[in-house]
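*Asks:* Just so you know, the protein sequences line up as chains A and B, in that order.
Each residue of the first sequence is one higher than the one before, starting from 12 at the first, in the numbering used here.
Each residue of the second sequence is one higher than the one before, starting from 12 at the first, in the numbering used here.
With a cut-off of at most 20 Å between alpha-carbon atoms, the simulated EDC-like pairs for lysine to aspartate or glutamate come out as follows:
| no. | chain 1 | residue 1 | chain 2 | residue 2 |
| --- | --- | --- | --- | --- |
| 1 | A | K28 | B | E265 |
| 2 | A | K35 | B | E98 |
| 3 | A | K13 | B | D234 |
| 4 | B | K13 | A | E265 |
In silico negatives: residues of chain A with every beta carbon more than 12 Å from chain B:
| no. | residue |
| --- | --- |
| 5 | G91 |
| 6 | R148 |
| 7 | P151 |
| 8 | L169 |
| 9 | D221 |
| 10 | G225 |
| 11 | R231 |
| 12 | D234 |
| 13 | D342 |
| 14 | G358 |
| 15 | R393 |
| 16 | R400 |
| 17 | I402 |
Selected chain B positions facing chain A (Cβ under 7 Å, derived; list incomplete):
| no. | residue |
| --- | --- |
| 18 | I16 |
| 19 | R64 |
| 20 | T70 |
| 21 | L71 |
| 22 | P122 |
| 23 | N135 |
| 24 | A269 |
In short, the hints are calculated from the structure, not lab data.
Note that the structure is predicted; figures quoted are calculated from it, not measured.
All C-beta atoms, glycine included, are put in the ideal place defined by N, C-alpha and C.
Protein chains: 2
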Amino acid sequence: MKISINANRCEPSPMRKFHPLAVKAEKEGKKIYHLNIGQPDLKTPEAYFEAIRAFDPGTLAYEASPGMPVLIEAIRKYYGKIGVDLEPNDILITTGGSEALLLTCLSILDPYTEVIVPEPYYPNYTTFVHAAGGRIRALPTRPEEGYRYANRKRIESLITKNTRAIMITNPGNPTGVVLTQEEMRMIADVAKAHNLFLICDEVYREFCYDDKFGVPCMGRFDDIDENLVIIDSVSKRFSACGARVGCVVTKNKELQQALLKFCQSRLAVATIDQLGAAALYDVDAEFYRESKEEYRKRRDLVIEKLRQIPGVEVEEPMGAFYVMASLPVDDADKFQQWLLESFDHKGDTVMFAPGAPFYETPGKGYNEVRIAYVRDCKELERAMDLLARGIAKYRYEVMGE
Amino acid sequence: MKISINANRCEPSPMRKFHPLAVKAEKEGKKIYHLNIGQPDLKTPEAYFEAIRAFDPGTLAYEASPGMPVLIEAIRKYYGKIGVDLEPNDILITTGGSEALLLTCLSILDPYTEVIVPEPYYPNYTTFVHAAGGRIRALPTRPEEGYRYANRKRIESLITKNTRAIMITNPGNPTGVVLTQEEMRMIADVAKAHNLFLICDEVYREFCYDDKFGVPCMGRFDDIDENLVIIDSVSKRFSACGARVGCVVTKNKELQQALLKFCQSRLAVATIDQLGAAALYDVDAEFYRESKEEYRKRRDLVIEKLRQIPGVEVEEPMGAFYVMASLPVDDADKFQQWLLESFDHKGDTVMFAPGAPFYETPGKGYNEVRIAYVRDCKELERAMDLLARGIAKYRYEVMGE
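Can you build the whole structure from these sequences, using the hints too?
*Replies:* So, in structure tokens, the structure goes:
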């Protein structure tokens, strides 16, 4: 019995691989500050649970494969408010942004085709691209340039006859980079000029900490309908990760048809979660504002604290709720394992996502970590304290410095 | 921009492709008897909704990628009761049996590898196999042999160096064929002898209408741990299709690791549905008995009625809740379209799944339909009446006979 080549080309999730060690540490009584997963702690709007509690269908039936009309309509209205006109058929509801990405990759990638992705990038992209037999061509960035990647020359130098798509996360995970309007336009132009799909993962759209960015959406350009694929989700926007409700937005009819075949094959997205998600889109503007303000405060705190730790290097992220930081350790993966197995301060320890899997280029990111600032300021302060203590102890005990 | 080869190799779902026409007919005021989708009408046990209503987490968070421990434990206990010992790691929770199938195919198939599947088979298998670049080698059956496929010689004649798996549905969809113990043993032996994965889709396990079959499960053979992959779901068992909760069961460690990587990449299955599903496994044995009795009555009625329609040929299915029937029409696909667009009797019409897409072999199944007996007896009686009237009218008006 053989495991497939594509499965073997995938790696365990760097956000999830330490889960068994974490469970073990917790069983032994340790308290872990989880900054490894982009799992917001903010409350999910009560509307979600109210919609679900009111639901009493008798039989819990399959919904339509493209999604529940009530949810599609809610999303259509939401996009209307941010200046993007959509038809109902332009939206396909998926089981989270994850399924949106997997089905998009399966729909447009053949073996040995390539997707250009600025690195560091969300490591699960690798799995989705590899599942379809494709490969990632990494667009390198520099920490000292704040990981900014919108450089036409560098992007075009990576395009080959096998390139099928450019895939970006805006605002960025893990870097927090947000594109300016000019940069978005340039990337749209490149996709158009080279007949490439432009996959924009915009699940962090509402979390931009400089007002000049507004609520960025590539969908406002109306000349790239054939190229554009927007990946979206309720997970981050509404603190509703466990709903597993997302969508693909595209006006490319051929792609709609391809995606629909995959959607039909898996029948439907969970009924109750779609109902709950539809209710989420009724929250008022204040909800978005408050969430953003909370994350902005946290970002400011984390950056301040990180800059106080000797040897740590970090750039201020402009969006999303992550920051990449270079640590003065030999190997962030080893350091994380040590934090779980051999370290605690008064019974506490801390988890990040080690940086190397966020890079395609071998040798990069080994001393970097992604920190998700998804706890309140008090907890983040303690987590940063634990990081500082952990680094000092690790350098002394393990690295012998 | 190109659509992938694999997406182009997939077809729209025959159960779902008429959905837009059905919506149109319903808008025009027609009542449609839906026997096209295996969507049971039985009530979902109230435990599901109770569990969900009691849930008030504040933040709806990601669950663990392999599934919620409470659900894994519920499934482990359920398997224990049917004589199959599982470790928690042997179970990976998926978004329905559909995701279980897709991730299994992605984990074991390379381009040009083959899966042996008895035909007619559940058409979405094609999409899952094609998504991974594989192809289906159809094991032909004969209606006059009741679609029975457990013929060692015929199976072995299809095995090539590219064969990776044998995939069966037991009890069968769309044929209702249930394997005897001897047949199950023989197929297990073939998989073992040729080092093939044996993918058993057993989502209809509880629906066997001859007591000699009991509750069939390939997992009782303890010598095929390396080969066996069981696909399971709460959809049919508990009339909970809209929950989208299923699982893959395998003791093959390498496969577990491959599947887990894909599970991690999509983060988690919906939290609330997992909680509800766990509660479903607490129903008492009476629930299974009553459901089966209801479907048995329906099967008997549908078979009786079908046999009364001139020109219809049908074998009595032994399990699941489908029957394949040959109709005296030129093209079941055309007939279905006509039923929706040009036919009604007192405002009513009826939907089936046309048969051709259930076959890999070109030219087969064109005058067959799959009927899902998922309505109560009164509705089924009316649906069969509509079918009889539809056939007579279609033959006269369209076929000119």
